[in-house]
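Colleague: Protein sequences appear in the order of chains A and B.
Numbered as in the numbering used here, the first sequence ends at 202 without a single skipped number.
Numbered as in the numbering used here, the second sequence ends at 918 without a single skipped number.
I should point out that these hints are in silico values taken from the structure, not numbers from a laboratory.
It is possible that some hints are incorrect.
BS3-like mimics (lysine-lysine), calculated; alpha carbons at most 30 angstroms apart, straight line [as the list claims (entries may be wrong)]:
| no. | chain 1 | residue 1 | chain 2 | residue 2 |
| --- | --- | --- | --- | --- |
| 1 | A | Lys3 | B | Lys470 |
| 2 | A | Lys3 | B | Lys413 |
| 3 | B | Lys543 | B | Lys436 |
| 4 | B | Lys460 | B | Lys473 |
| 5 | B | Lys543 | B | Lys691 |
| 6 | B | Lys436 | A | Lys56 |
| 7 | B | Lys855 | A | Lys56 |
| 8 | A | Lys175 | B | Lys397 |
| 9 | B | Lys473 | B | Lys573 |
| 10 | B | Lys413 | A | Lys175 |
| 11 | A | Lys175 | B | Lys543 |
| 12 | B | Lys767 | B | Lys523 |
| 13 | B | Lys855 | B | Lys516 |
| 14 | B | Lys523 | B | Lys543 |
| 15 | A | Lys3 | B | Lys473 |
| 16 | B | Lys470 | B | Lys460 |
| 17 | B | Lys374 | B | Lys397 |
| 18 | B | Lys523 | B | Lys460 |
| 19 | B | Lys460 | B | Lys503 |
| 20 | B | Lys397 | B | Lys470 |
| 21 | A | Lys120 | A | Lys56 |
| 22 | B | Lys691 | B | Lys523 |
| 23 | A | Lys175 | B | Lys767 |
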Amino acid sequence: MDKTFAFTVNGQARTVTTDPERPLLQVLREELQLTGSKYGCGEGQCHACTVLINGKSTPSCITPVRNADGQSIQTIEGLAQGERLHPVQEAFLAEGAFQCGYCTPGMILGVVELLAQTPKPTDTEIRSRLQGHLCRCCNYPKLIKAIHRAAGQTQGANAGPQSITNPTAEGRVSKVEGRRAALASLASRPPALASGNLRAGT
Amino acid sequence: MNDDSINQEAALGGEAETVDTVGYDFGLSRRGFVQVLGAGLLVAVSPIPALAQRGGGRFGGQGARTISARIHFGNDGTITVLTGKVEAGQGARAELTQAAAEELRVPPGRIQLLMSDTALAPDDGVTAGSGSTPRTVPAVRRGAAAARQALLDFACRQWGVQPDAVEVRDGKAVHGPTQRALSYADLAAAEDAPKLLGQAIPADVAFTPVKQWKVLGAPTPRPNGRDIVTGAHKYPSDIIRPGMFYGKVLRAPAYGAKLTAIDLDPAKAMKDVAAVRDDQFAGVAAPSTFQAEQALAAIAKTAQWERTPQPSSKGLFAHLKETARGGMPANPFQEELAQAKQVLRQTYQVAYVQHAPLEPRAAVAEWSDGKLTVWTGTQNPFGCRSELARAFHLAEDRVRVIVPDFGSGFGGKHTGEAAVEAARLAQAAGRPVSLRWTRAEEFTWAYFRPAALIAIEASLDGQGALTSWHCVNVNSGGSALDTPYRAGKNRGQFVGADGPLRHGSYRALAATANNFARECFMDELAAAAGADALQFRLAHLENPRLRTVLEAAAQRFGWQDAVGKKTPNVGVGLACGTEKGSYVAACAEIEADRAENSIVVRRVTQVFECGPVLNPDNLASQVAGAIIMGLGPALREEMRFENGEIFNPTFRKYLVPRFQDVPQLDIHFLNRPDLDPAGAGETPIIAIAPAVANALFRATGQRARAMPLAPTNWAA
Chain A
1 MDKTFAFTVN GQARTVTTDP ERPLLQVLRE ELQLTGSKYG CGEGQCHACT
51 VLINGKSTPS CITPVRNADG QSIQTIEGLA QGERLHPVQE AFLAEGAFQC
101 GYCTPGMILG VVELLAQTPK PTDTEIRSRL QGHLCRCCNY PKLIKAIHRA
151 AGQTQGANAG PQSITNPTAE GRVSKVEGRR AALASLASRP PALASGNLRA
201 GT
Chain B
203 MNDDSINQEA ALGGEAETVD TVGYDFGLSR RGFVQVLGAG LLVAVSPIPA
253 LAQRGGGRFG GQGARTISAR IHFGNDGTIT VLTGKVEAGQ GARAELTQAA
303 AEELRVPPGR IQLLMSDTAL APDDGVTAGS GSTPRTVPAV RRGAAAARQA
353 LLDFACRQWG VQPDAVEVRD GKAVHGPTQR ALSYADLAAA EDAPKLLGQA
403 IPADVAFTPV KQWKVLGAPT PRPNGRDIVT GAHKYPSDII RPGMFYGKVL
453 RAPAYGAKLT AIDLDPAKAM KDVAAVRDDQ FAGVAAPSTF QAEQALAAIA
503 KTAQWERTPQ PSSKGLFAHL KETARGGMPA NPFQEELAQA KQVLRQTYQV
553 AYVQHAPLEP RAAVAEWSDG KLTVWTGTQN PFGCRSELAR AFHLAEDRVR
603 VIVPDFGSGF GGKHTGEAAV EAARLAQAAG RPVSLRWTRA EEFTWAYFRP
653 AALIAIEASL DGQGALTSWH CVNVNSGGSA LDTPYRAGKN RGQFVGADGP
703 LRHGSYRALA ATANNFAREC FMDELAAAAG ADALQFRLAH LENPRLRTVL
753 EAAAQRFGWQ DAVGKKTPNV GVGLACGTEK GSYVAACAEI EADRAENSIV
803 VRRVTQVFEC GPVLNPDNLA SQVAGAIIMG LGPALREEMR FENGEIFNPT
853 FRKYLVPRFQ DVPQLDIHFL NRPDLDPAGA GETPIIAIAP AVANALFRAT
903 GQRARAMPLA PTNWAA
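Chain A extracted, bound-state conformation (with noise of 0.2 angstroms):
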């Protein structure tokens, strides 16, 4: 039987009326045409659908309306003010944090709420807090550094630095030496017995 619920989405007072155990995610997109929360598993096993709720960062795959009546909720859309960005929007943006974006906005969402609880948050605090969030395209190293970008600090230790050379200018593009010398240094050695079930000398 549907009922009318009241609450506020990003600032703005909404009423819906429909069934109490609609997904809260399926009524932000199908009835307020707010898009940016994203259906990804449907359990709250992946966070893609992750909206804030009075603050909190909340599956909203998994969220029946009648939860949700009465309440606040951010999502992704209301982040920016106006034209500017919110920082941990801006610091996605510089790092790049985002390959195919799918899970982005329910990731920023994460990390709002995590920087809003612990400001600056170290490496295991940001795996581990945010370990629910899934990224396909597994750009954590990114976002691992995007995070620690918002939270104003420096990269942290397992941001996964990235470093280019050019071999040939450097001279140093591998030389293949004589095989049979090659195979020499290696017959030096006695050979070893491989593990098990492997048959020698058949």
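Add chain B to chain A, keeping to what the hints say.
Modeller: This is chain B only, laid out in the frame that chain A set:
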């Protein structure tokens, strides 16, 4: 597949795809269909089998023949570059924008890249096989360079001057002595613009030399990044059309099950619900997903199915071996085996895995005046258009496929079944329908990376040199099957088999399986020869690019020290490989926890070389992402199924990599501006699994010859 597409693939050097398409056929005689379209608009084509078929894909595409098919210059100064490639997070949008900007001599911000709308963009082929960098980047550069040349010629003619006095910069042809200037918009406004821009793109148009690159080679962010972080970007699942309904499709309880009866009345009795059955297809559409789910549940209760026995994941590899076409081929090198000091033989297994793109398949379909428009996430927009045309017996020009940037693919979205399903529901509902697959549907009914059984036999002489190599891949494909090592007499063979699940492409496809088997086996051979794993490889390796990445990785990792260290349950391993023209080597250090039956990958060094680096930022994302993604099938990912039912179709049971799986990473790129660019989205995934497996041996003394390296495969 016709002969042309086979030849095209051969010319492109890619292996033919073996993607299982669903092969829907919504026949001509069905009444509802004719009502929607009007009989006069139907175009008969030869019928295709209604059941699943193993169809051939195509990587090719004709591309743009003329400048105007590639680039549109607006009179207001806008520059729109057109491409049939798609953006699924791999970075094609930035890279192709760079390619156009470089040759047009404009800042990348001036370019609007219109991707994969079959009504507007040229067919640049499937976004697959690491093809965008080696093939589409040059194609876009060629079109842009031809446009630049056209502007130059136009300016010279207008001013009556010689080309050497004119330079194209910042989107304008500028005459040095007089500082007169003409822009691309001026060219587009010229009377003979249709002729100038309609000219064929010459094959030999001159590219900007690497040394003069300003945009290519420089870090370039994703052009629509702001829309990503604000949630404004509309993915295929976000598209909303006026009057749109939400659809649900009835799924079989198991592979091979046939729908024999169903009662649609319980759904039709619901307010505003449309329901349809068309042979094996049944589904509903309603004003909300919630109502559609209820309607689907109501008819699902009435469905009757006829099931047939299906193979199970337990016993899978015996099944593959039994059904290998023509049997397991014999080793042709009997003479070498007879003369060898040692002969080694080993068998490796690779499980079925799913791509699990974070955005499941989604499509919005809309019929209007007998024409069909579909918004969907597919790596193969033109192939999807053909699938729709076939299913509904339409001419291809009555079907338009638009592909908004979508939520990842990894080779898993080469088909258009969701689009076909949405279109059938839209037909039934008489209005646009959005169909979004659930996670369970994506895990069960999308195609899988094929399981593999790989048998290798090799012989060593008294010096520890390989004298023969015979490798057979059953079921998963021939990518990277040929060994890059000098192995004496050498043959790699791919043998098809009766794979029980729907299968198709995956990031690097069979290269991961074949590289896993080969690199693990090389470690076993090195041990048999009494040699260090690195030295044994180098002694058999002549390709300088592969040697260079391997040596660089070992050096950065500190291989020599690390391999000598004896810490209980800690071990190091390395692996290398090449595929699609790029080169990779990885070293890994792992810790095996026997009590917990788990493996922790502590640190990874990977060195990668793909010719010139076109976008270092995006390359970093691709390579780090590939390593971490590759840890999933290496350590845990495995589809489990019994008698046609998938057991683990959820993220709760199918464990993909998360934040806590990320090892300490040292990633290094070797930049080779002197070479042609190769793709970078796939090859960086192929070395991590064997590096980890080889490290596991040094940590535990146990060889795990299966992916995933699950405890059942190694723990005592």
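Colleague: None of the hints should be skipped; say for each whether it holds.
Modeller: Here's how the hints hold up against the structure:
Distance restraint check for Lys3(A) and Lys470(B): the Cα-Cα separation of roughly 24 angstroms lies within the 30 angstroms cut-off, and the hinted pair is therefore satisfied. The suggested pairing of Lys3(A) with Lys413(B) is violated, with an alpha-carbon distance near 67 angstroms, which exceeds 30 angstroms. Straight-line distance between C-alpha atoms of Lys543(B) and Lys436(B) comes to about 63 angstroms, which puts the hinted pair past the 30 angstroms bound. At roughly 29 angstroms between alpha-carbon atoms, Lys460(B) and Lys473(B) fall within 30 angstroms of each other, so this suggested pair holds.
Only pairs whose Cα atoms come within 30 angstroms are accepted, and Lys543(B) paired with Lys691(B) is accepted, the gap being roughly 15 angstroms. As the CA atoms of Lys436(B) and Lys56(A) are separated by approximately 26 angstroms, the hinted pair is consistent with the 30 angstroms bound. With a C-alpha separation of about 26 angstroms, the suggested pair Lys855(B) and Lys56(A) falls inside the 30 angstroms cut-off, and the hint holds. A hinted pair counts as satisfied when its Cα atoms are at most 30 angstroms apart, and Lys175(A) with Lys397(B) does not qualify at roughly 53 angstroms.
Restraint check for Lys473(B) and Lys573(B): satisfied, since their Cα atoms lie roughly 28 angstroms apart, inside the 30 angstroms limit. For the given pair, Lys413(B) sits about 26 angstroms from Lys175(A) by alpha-carbon distance, which is consistent with the 30 angstroms threshold. Taking the CA atoms of Lys175(A) and Lys543(B), the gap is near 29 angstroms; set against the 30 angstroms cutoff, the hint holds. Note on Lys767(B) and Lys523(B): the hinted pairing is violated, with a Cα-Cα distance of about 40 angstroms set against a maximum of 30 angstroms.
For a cut-off of 30 angstroms, the pair hint linking Lys855(B) to Lys516(B) stands: about 17 angstroms separates their Cα positions. Taking the CA atoms of Lys523(B) and Lys543(B), the gap is about 29 angstroms. The hint holds against a cut of 30 angstroms. Between Lys3(A) and Lys473(B) the alpha-carbon distance is near 17 angstroms, which keeps this suggested pair within the 30 angstroms criterion. Only pairs whose Cα atoms come within 30 angstroms are accepted, and Lys470(B) paired with Lys460(B) is accepted, the gap being roughly 23 angstroms.
Taking the CA atoms of Lys374(B) and Lys397(B), the gap is near 20 angstroms; set against the 30 angstroms cutoff, the hint holds. Distance hint between Lys523(B) and Lys460(B) is fulfilled; the C-alpha atoms sit about 27 angstroms from each other, no more than 30 angstroms. Simply put, Lys460(B) and Lys503(B) have alpha-carbon atoms about 15 angstroms apart, close enough for the 30 angstroms limit, and the pair holds. About 57 angstroms separates the Cα atoms of Lys397(B) and Lys470(B), which puts this hinted pair outside 30 angstroms; it is violated.
Among the hinted pairs, Lys120(A) with Lys56(A) is consistent with the structure: their alpha-carbon atoms are about 18 angstroms apart, no more than 30 angstroms. Of the supplied pair hints, the one linking Lys691(B) and Lys523(B) holds, its CA atoms being roughly 25 angstroms apart against a limit of 30 angstroms. Restraint check: the Cα-Cα separation between Lys175(A) and Lys767(B) comes to about 28 angstroms, which is no more than 30 angstroms; the hinted pair holds.
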